[in-house]
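Spelled out from the first residue to the last, the chains are:
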Amino acid sequence: MPQIPIESVLIQVLNGLSSGMIFFIVASGLSLIFGVMRVINFAHGSLYMLGAFLATAVGAWVAEKNLGFFVALLIAPLVVAFVGVVLEFTLFKRIYNKEHLLQLLLTYGLTLILADVVRIIWGGEILRLSLPEFLAGATRIMGRRVANYNLALLVVGPLIAFGLWFLLQRTRWGRIIRASVANPEIVSALGINTQWVFTGVFALGCWLAGLGGMLISGRASVSLGMDVEIIVQAFAVVVIGGLGSFTGALVGSVIIGVTVAIGTLYAPSTAQIIPFAIMALVLILRPWGLFGKPER
Amino acid sequence: MLLQVRDIHTYYGLSHILFGVSLEVDKGECVCLVGRNGAGKTTTLKSIIGLAPPKRGVVAWRGQPINGRAPHWIAQQGIGFVPEERAIFPNLTVWENLDVARKPSTTGEVRWTVERIYDLFPRLKERSNQLGGTLSGGEQQMLTIARTLMGNPELVLLDEPSEGLAPLIVELIGELVAQIKAEGMTILLSEQNLRFALRLSERAYIIDDGKIQFSGTTQELQNNPELVEKYLAVH
Ligand SMILES: Nc1ncnc2c1ncn2[C@@H]1O[C@H](COP(=O)(O)OP(=O)(O)OP(=O)(O)O)[C@@H](O)[C@H]1O
Ligand SMILES: [Mg+2]
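Chains as they are written, first to last, in the working numbering: chain Z, 1 to 296; chain S, 297 to 531.
Keep in mind the hints are simulated off the structure, nothing from the lab. There could be a bad hint or two in this list.
[Said to hold, decoys possible] Here are a few chain S residues that sit away from chain Z, every Cβ distance over 10 angstroms (derived from the structure):
| id | residue |
| --- | --- |
| 1 | 332 |
| 2 | 351 |
| 3 | 418 |
| 4 | 430 |
| 5 | 475 |
| 6 | 494 |
| 7 | 514 |
| 8 | 515 |
| 9 | 523 |
[To be verified] DSS-like mimics (lysine-lysine), calculated; alpha carbons at most 25 angstroms apart, straight line:
| id | chain 1 | residue 1 | chain 2 | residue 2 |
| --- | --- | --- | --- | --- |
| 10 | S | 351 | Z | 93 |
| 11 | S | 351 | Z | 98 |
| 12 | S | 399 | S | 477 |
| 13 | S | 507 | S | 526 |
| 14 | S | 421 | S | 477 |
| 15 | S | 421 | S | 399 |
Think of the CB as a built atom: it goes at the ideal place given N, C-alpha and C, for glycine as much as any other residue.
Please model the complete structure; the sequences and the hints are all you need to start from.
Listed below in structure tokens is the structure:
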């Protein structure tokens, strides 16, 4: 094993944590949609990709890079959420109580369609969102340069986690969502339109996918194929953490982000296998994930 | 007439469960629907609230048909449903269970607030921050009733509140229902426990195999032991 100074390892942990934050944002959306509607949305990664492409497009359209980034931050996830509402209304609401195979067919079919839509609109270009000056630079930590953007992600991730926690635990909307997880029929018999609850949750889940995509577009180049890459990562995260659990999504994301980052230092060619090795281990020892509950 | 159910036929998938059930509930009444296990009591209540919409027949609320509408819409017209088997939200606290169900009456009044509920059910007040799933059977039954009251309904469909509870707790639940009735609430009570049902109601229907077999005052039912033997005795 190569000798690597401890500072490099620590810096790499920081970078891994910041990747973990993006995984968390995407995986929490996937987990939320599964937790409430019991649908595993394979197209979640496609919505992430859509968010990334939209962000670069909005950034290019605004042209002024300080402003462009923030306009993209505002608009791209919202547009993705809106796409989610349309998909929910036209397609997903028909498959909530159907068998998993049907859900798989629909959502997998959607990934193919959305990939083509992105290809048609953006033509397979490799794009990137320009960052405002204060985010584009780097900060010296322990004598090494760490991208400011990665440090900002370390703030955004916990903010999103707190926001979601607050929404679900401390607002009436969150209470209605949790009640709908337990018993949607009774919720509707209490006078609440659960269809709207589901649409809202779906939109929020898609917003998170779009936000993840927007955030990654400021850090890495955006290209076709990123949909598959992220959905695989997000699945590893939720399998490790437990589908439907927020804590699980957070812990799973951090585990994957950090282990891959450190693995890259020591064995760059095999680091990408790490998530799946951990996933396999969790599946053997605790099939419902670290924070999940065994299926009823 | 506040509620009229006329000749409804309800199915679960292909199985035909209700065969022309008709019943009526007038404002301020407490009417019971008694019958054995599997007689169709729950299905009748679910047909009214819209969870098991009837294929044929009419459910009329203040004279207007409401069958075929979504459950949330029907609930918003002032019909409250208290499910059987104490179907509280186990992952929510007692207070949260109540808060989810909060809505004003159709006329915009809020008679039932959390404070009033806690006055009537002091046990729930003590358990306010506890998860619903940790409550005892009797407390969960109180919570399902209280939760429905939070929606300020005019009619409560109360499904087997005494089911599976110890005699002393059944007694307590009976007193609470009597208190709610005394506040002027209209109640359609489904029960297997005849003694419990008759003490609270003025009129009774017997349901068996998805058909109404008797309709009359509780007095008439009590004076007719053959009916009780035929349709309600456990063999
Ligand atoms: N979801 C369902 N699918 C198919 N059949 C059902 C379903 N629910 C109830 N049934 C059947 O419908 C019939 C009437 O059931 P229902 O629940 O209305 O009876 P009940 O009078 O409420 O009985 P209990 O006292 O056991 O609650 C029974 O034969 C039952 O097996
Ligand atoms: Mg029943």
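Hints and how they fare:
1. 332: holds, 24 angstroms
2. 351: For residue 351 of chain S, whose nearest Cβ neighbour in chain Z is about 19 angstroms away, the distance exceeds 10 angstroms, so it holds.
3. 418: Per Cβ check, residue 418 of chain S is outside 10 angstroms of chain Z; nearest 23 angstroms; holds.
4. 430: holds, 14 angstroms
5. 475: holds, 22 angstroms
6. 494: For residue 494 of chain S, whose nearest Cβ neighbour in chain Z is about 27 angstroms away, the distance exceeds 10 angstroms, so it holds.
7. 514: At roughly 28 angstroms from the nearest Cβ of chain Z, residue 514 of chain S sits farther out than 10 angstroms, so the non-interface label holds.
8. 515: With a cut-off of 10 angstroms, residue 515 of chain S remains clear of chain Z, as the shortest Cβ separation is near 33 angstroms.
9. 523: holds, 32 angstroms
10. S:351 <-> Z:93: holds, 23 angstroms
11. S:351 <-> Z:98: holds, 22 angstroms
12. S:399 <-> S:477: holds, 20 angstroms
13. S:507 <-> S:526: holds, 14 angstroms
14. S:421 <-> S:477: holds, 21 angstroms
15. S:421 <-> S:399: holds, 20 angstroms
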